[in-house]
Amino acid sequence: MDIQFFIELFFGGLTRGSIYALIALGYTLVYGIIGLINFAHGEVYMLGAFTALLIAGALGVYGLPAGGILIVAALAAIVWCSAYGYTLEKVAYKPLRGAPRLSPLISAIGMSIFLQNYVLLAQTSDFVPFPNLLPEMDFLEHIDYVMGASDFLILMVSTIAMVLLSVFIRYTRMGKAMRATAQNRKMALLLGINADRIISLTFIVGSSLAALGGVLIASHMGQVNFGIGFLAGLKAFTAAVLGGIGSIPGAMVGGLVLGLAESFTTGYFSGNYEDMLAFGILILILIFRPDGILGKATVQKV
Amino acid sequence: MQRILKAAIAALWFMLLTLPVLGIKLNVAAKSVIWRFDRILALGAGIFVLALIWDWCFTRKAAGIKIVTLPAGFNLAEIIEAFRNRRGLRLGGLALLAVVLLGMPMVSSFYQTNIMISALLYVMLALGLNIVVGLAGQLVLGYVAFYAIGAYTYGLLNQYFGLGFWACLPIGGFLTVLFGLGLGFPVLRLRGDYLAIVTLGFGEIVRLTLQNWNSVTGGPRGVSDIPRPGFFGMSMDITASTTYIYYLVLAAVIITIVVITRLKNSRVGLALQALREDEIACEAMGVDITRVKLSAFALGSCWAGFAGVIFAAKTTYINPSSFTFMESAMILSMVVLGGMGSIAGVVIAALILILAPEYLRAFSDYRMLLFGAIMVIMMLFRPQGLISGERRRYRIGALHGAEGGRS
Chain A
556 MDIQFFIELF FGGLTRGSIY ALIALGYTLV YGIIGLINFA HGEVYMLGAF TALLIAGALG
616 VYGLPAGGIL IVAALAAIVW CSAYGYTLEK VAYKPLRGAP RLSPLISAIG MSIFLQNYVL
676 LAQTSDFVPF PNLLPEMDFL EHIDYVMGAS DFLILMVSTI AMVLLSVFIR YTRMGKAMRA
736 TAQNRKMALL LGINADRIIS LTFIVGSSLA ALGGVLIASH MGQVNFGIGF LAGLKAFTAA
796 VLGGIGSIPG AMVGGLVLGL AESFTTGYFS GNYEDMLAFG ILILILIFRP DGILGKATVQ
856 KV
Chain B
240 MQRILKAAIA ALWFMLLTLP VLGIKLNVAA KSVIWRFDRI LALGAGIFVL ALIWDWCFTR
300 KAAGIKIVTL PAGFNLAEII EAFRNRRGLR LGGLALLAVV LLGMPMVSSF YQTNIMISAL
360 LYVMLALGLN IVVGLAGQLV LGYVAFYAIG AYTYGLLNQY FGLGFWACLP IGGFLTVLFG
420 LGLGFPVLRL RGDYLAIVTL GFGEIVRLTL QNWNSVTGGP RGVSDIPRPG FFGMSMDITA
480 STTYIYYLVL AAVIITIVVI TRLKNSRVGL ALQALREDEI ACEAMGVDIT RVKLSAFALG
540 SCWAGFAGVI FAAKTTYINP SSFTFMESAM ILSMVVLGGM GSIAGVVIAA LILILAPEYL
600 RAFSDYRMLL FGAIMVIMML FRPQGLISGE RRRYRIGALH GAEGGRS
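Keeping their order, the protein sequence lines are chains A and B. At position 72 of the first sequence the residue is numbered 627 (the numbering used here), and the sequence of numbers has no breaks. At position 391 of the second sequence the residue is numbered 630 (the numbering used here), and the sequence of numbers has no breaks.
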């Protein structure tokens, strides 16, 4: 076995998996709190990529240095996606709290289609090139066959984001409130936690992570399209379920496992069936082990 | 006053929200940015009005008042009730409808007949999905997979074995039922939202298989030169055969409606509706959940199979891109708009959603946007759909053997 090829695939999978994990966290957070599959989450990721692209493009025209543009664009994407996530919850999910289980799900699917077509109509149906804004990273010179600048950036940023999220959930007041709401919303209300605000906060946090994922993947792939959110969203959902939905470490593990599995399948078998693998895993997991890898006993809700 | 302020804030919020995606247009080649503030302003004005309506709708909803009050002489519920109860009116209405539908290909152009065929195909699909989603309450998001299986059954059997349309129609139906059962078995234990995702995955797997299995399905190129259905070996030109297919689809839709109407009030149909209302209570009442769920899948999927075979015969060319998730979503939005479990509602919704964008060309770009919005708005304000599915009710008198019976 060619060890170099293996390492290459391994890091490819890791990069891909980190992105899935970032998006999967959004699904898991929302599911943990209100028990809803936020079908439009993939679209928020796509909006993040588009917002970053447009802001970066606009700034590029007015002549800013590349490194600065990337940071500003990423921040803009996070801000706007949080706003989108917040609005989404207010418009499409909040009025349906307490409605039959299927109602918010259908509403979410409707929102997903709506957002896709909103971007399609407002921008374009073509793939749009994403400007290359990454600084040169000389220290990667010797290992550039396994890791380019964008891979390095993805791994670094997603690791930092996940650590920050874990700290936020674990140690801050708001994080504690989120965990309490996830465990028992009524009890949390009795203890004086504003559940509505916590739910909004969950959407904002999840959407910012998705936006980050969108910016990273856009600068990695170099192009953006209105339809990228659908497949990415489904795969991230697979990752969330794989790790055990509602569990934060589960989403991270699930994302990495899915990324690695895809990368190795593509490398050793064929790239044609890459997407099918994710759906196959999703179906098998949901049927045989709906609690995911980390299992029910260890599930740590939000 | 406070409402106006709220609406203004909402408008401002949405203007900020849509600023990048709607407001910035990049010209990559010329390296320039076009700021489209006119659009943002137009959107703001639109949102302002919408927010006022939105607020008004929610106040009325909260107060329990109907959102739309029809003028006194035109009470939709009464008209529907009249159609349900007065035999003469019903027969008259049906006769008028029959004349219009039967006469349609004689007066309309080739193009319009074609549109009507696809609208009727969607009616069939929506009615089929209505069994699974509307009656049984199982949210299936990969319904288009069954449509694809039907279409490819005809396409491939014809290509490799030379089987004709009439031989493939039952085979297509049978195969989709098999697939429906095959999907139904493993997902028996799943709850609503997981079921939705698994069926979505199933739909995508079917599409990806068709797309990647080059040696058999022709891959992304699909299957071409599928013959149109024959009529006792008569040779027909394209216009005549389109008219023929129109009548065929019409007959298929009528059969579907009759069968589903009968089904709804049958033992199985009632069990399906009990399943929708409450799975646990349903099981406690002695209904075999496994059997009922499987029959829902089987009964729902076979119509998509038939529709698929007819679709392949109509277009004579099929490829995987006709069977994307968007199609499933479209069919679902028809069921949602029409009213889950309501046959008349679903038929009307399917016709509106297919025909309106065809005839209002200005709207055709906004079609999918509208479909998405419809799904959200219906869930918020009228989850039972345009015409809510009628429930079978018994009067006490009927139980004592007096007149009345169903009402």
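No lab work stands behind these hints: they were computed from the structure. Owing to the predicted nature of the structure, the values given are computational and were not obtained by experimental measurement. Wrong hints could be hidden among the right ones.
Claimed, not checked - Just a few of them, taken from the derived set where beta-carbon distance is under 10 Å, the chain A residues facing chain B:
hint: 1; residue: 609
hint: 2; residue: 656
hint: 3; residue: 678
hint: 4; residue: 792
The beta-carbon is built from N, C-alpha and C at its ideal position, and this holds for glycine as well.
Tested hints:
no., hint, verdict
1, 609, "holds (4 Å)"
2, 656, "holds (5 Å)"
3, 678, "holds (7 Å)"
4, 792, "holds (7 Å)"
Checked against the numbered hints given earlier, this structure breaks none of them.
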